[in-house]
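Produce the entire structure from the sequences given, and follow the hints as far as they go.
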Amino acid sequence: MSTIDPRWDVRELARRIRTREISSQEVTDFYLQRLERWGESLGAVVTIVREHAMSRAAAADREIAQGRYRGPLHGVPYGVKDLLATRVAPTTWGAEPYRNQHFDFDAAVVERLDAAGAVLCAKLAMVELAGGFGYDEADASFTGPGRSPWNPEFWSGGSSSGPGAAVGAALVPFAIGSETSGSIITPAAFSGVSGFRPTYGVVSRRGAMALSWTLDKLGPMARSAADCRLVMQAIAGHDPADESTLETPPDFHLRAAASPLRIGVVRGTWEKAQPEVGRNFESTVSLLRSQGHHVEEIDFPDMPYGPVVSAIVDAEGASAFEEILRDGRAKTLRNRQDRIGGYEAASLLAIEYLRAMRVRRRIRASLLELFDRWDVVTAPARSTVAYPIGVPFREGWKGYSSGPPVIASMNLAGAPASVIPNGSGPEGLPTAVQFVTRPGHDPLALAVAESVQMLTAHHRRLPERFA
Amino acid sequence: MPTRREFGWMLSAGAVAATVAHAQTADETADDSAAQRARLRTQLLELELGPFTPEDRAKIREDLERYLPYLDRLHSVELTNADEPDFIFIAESHK
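Chains A and B, in that order, are what the protein sequence lines are. Number 323 in my numbering belongs to position 323 of the first sequence; there are no gaps in the numbering. Number 1035 in my numbering belongs to position 35 of the second sequence; there are no gaps in the numbering.
By construction, these hints were calculated from the structure, which means they are not laboratory data. Even for Gly, the Cβ is constructed at its ideal location relative to N, Cα and C. It cannot be assumed that every hint is accurate.
[To be verified] Simulated coverage check for chain A against chain B, where a stretch passes if three residues somewhere in it have a Cβ under 8 Å from a Cβ of chain B:
#1 307 to 315
#2 336 to 345
#3 352 to 364
Structure, rendered in structure tokens:
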């Protein structure tokens, strides 16, 4: 048996599995052991599906031995945020009211990964109901807080807290998370992994928990942007059962040309951020300039992004979970704010929701104009490193500002974004940068991140404890 | 102290200082109108989805009192009759 290095990315694993230097069963058992050893203490895991995974890995090995290689995910282990339906294990949505929920079908993303030969190893932890009811501290899941692999006293980010922690500690080579407004970008940043939020409608949400029908997206978290692209190749595509999916999604097999580009650096996003965040971001911007891109500071359109995204998530979320608001099960949620937040959200008037959706159209038009002038917009992924566990978020890191809300605004526009680690900050915690492009230009958002990772090594680091 | 929505915005936007600054402003300027609206909405909520404990009722009212002025920022963009919501209904003939 070969020695498996947890730093290997999907491409490296795939090469060795394809050439039968290692078997999928060896790789799968290696990651299952890591999940079993560290998954619970990191608050990263809900259910480990060992028997299922080893059976799938054995099948992959048989197929590969017979020359029926399916592609780079064949035989590669992975985990999914526990908002994706699976036959093999309960689907809890991270929330007490749904702790024993079972589905007799697999989510579309799980079906697609299954078809690509990937091996599902675990249902990963998440903030209850994907954070839709306004949680105010890290402890907001029946599995407890997700912990950053870089320092377990700090949060792994949310709401895809389990995928962040699990990929960050190399408990799985890649995972699927979801984002309504920040739930892939934040845990990727706080856990020091690469992540990708696709354009709205690129990935089918059939079988995924709904929080906000007009905002929810599914996407990968992995050790590199190149790995995220491999996963996108498998999961992107039209699905007649999800009317929001695009008829013709971007082709993730083509690696978009990444040079020279017009790159806009959003003014106000790093100057008053945590000093290490600002410095690391400036280094990334310098690197982009050295690659020959035209890089300029830009002003972000001034629009009421916060109230719009809040109104939409509140109205759609309260409707999506009306059942537990009416029967009182919302009051069994873990986080104190979540126990009443859904009720507050339900107080929104129809006219307020509709105004938010009308303003959203103006916002989208304004941001599309921005993309007429700039191929890529960049900013720090978060203005601080991960928040400490055990205190309300607002008391975690005081006195820093991220300026214009790039995450909220670009989610309202349905725009894709890649996020990659770009250095370290206080307490040994990672910092990160995001690259956003026009909706539909997903491969470009990944290509820029890949080009940066070709010249840097932040994504290859693994916390010593997990190396 | 930021309300839960303000904090949700902070989470999505990372605008820590801006949010806290706004919350303080909202605290200072929360007028009778916001208080009255919050109280009435809490009553309506309780009729529709209650009952609430006294502690929850007070917290909901307090949060809404801060949230409603924040939500009023939706009016900072002037809309006309021609401004449609950002979703499209498509009439499709099913086979």
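For each hint, the structure was consulted:
Taking a C-beta to C-beta cut-off of 8 Å, the segment 307 to 315 of chain A contributes 7 residues in contact with chain B, enough for the three needed, and the coverage statement holds. Only residues whose beta carbon comes within less than 8 Å of a beta carbon in chain B count, and the segment 336 to 345 of chain A has 6; three or more means the coverage holds. With 11 residues bearing a CB less than 8 Å from a CB of chain B, the segment 352 to 364 of chain A meets the requirement of three and the coverage assertion stands.
Hint violations for this structure: none, all hints satisfied.
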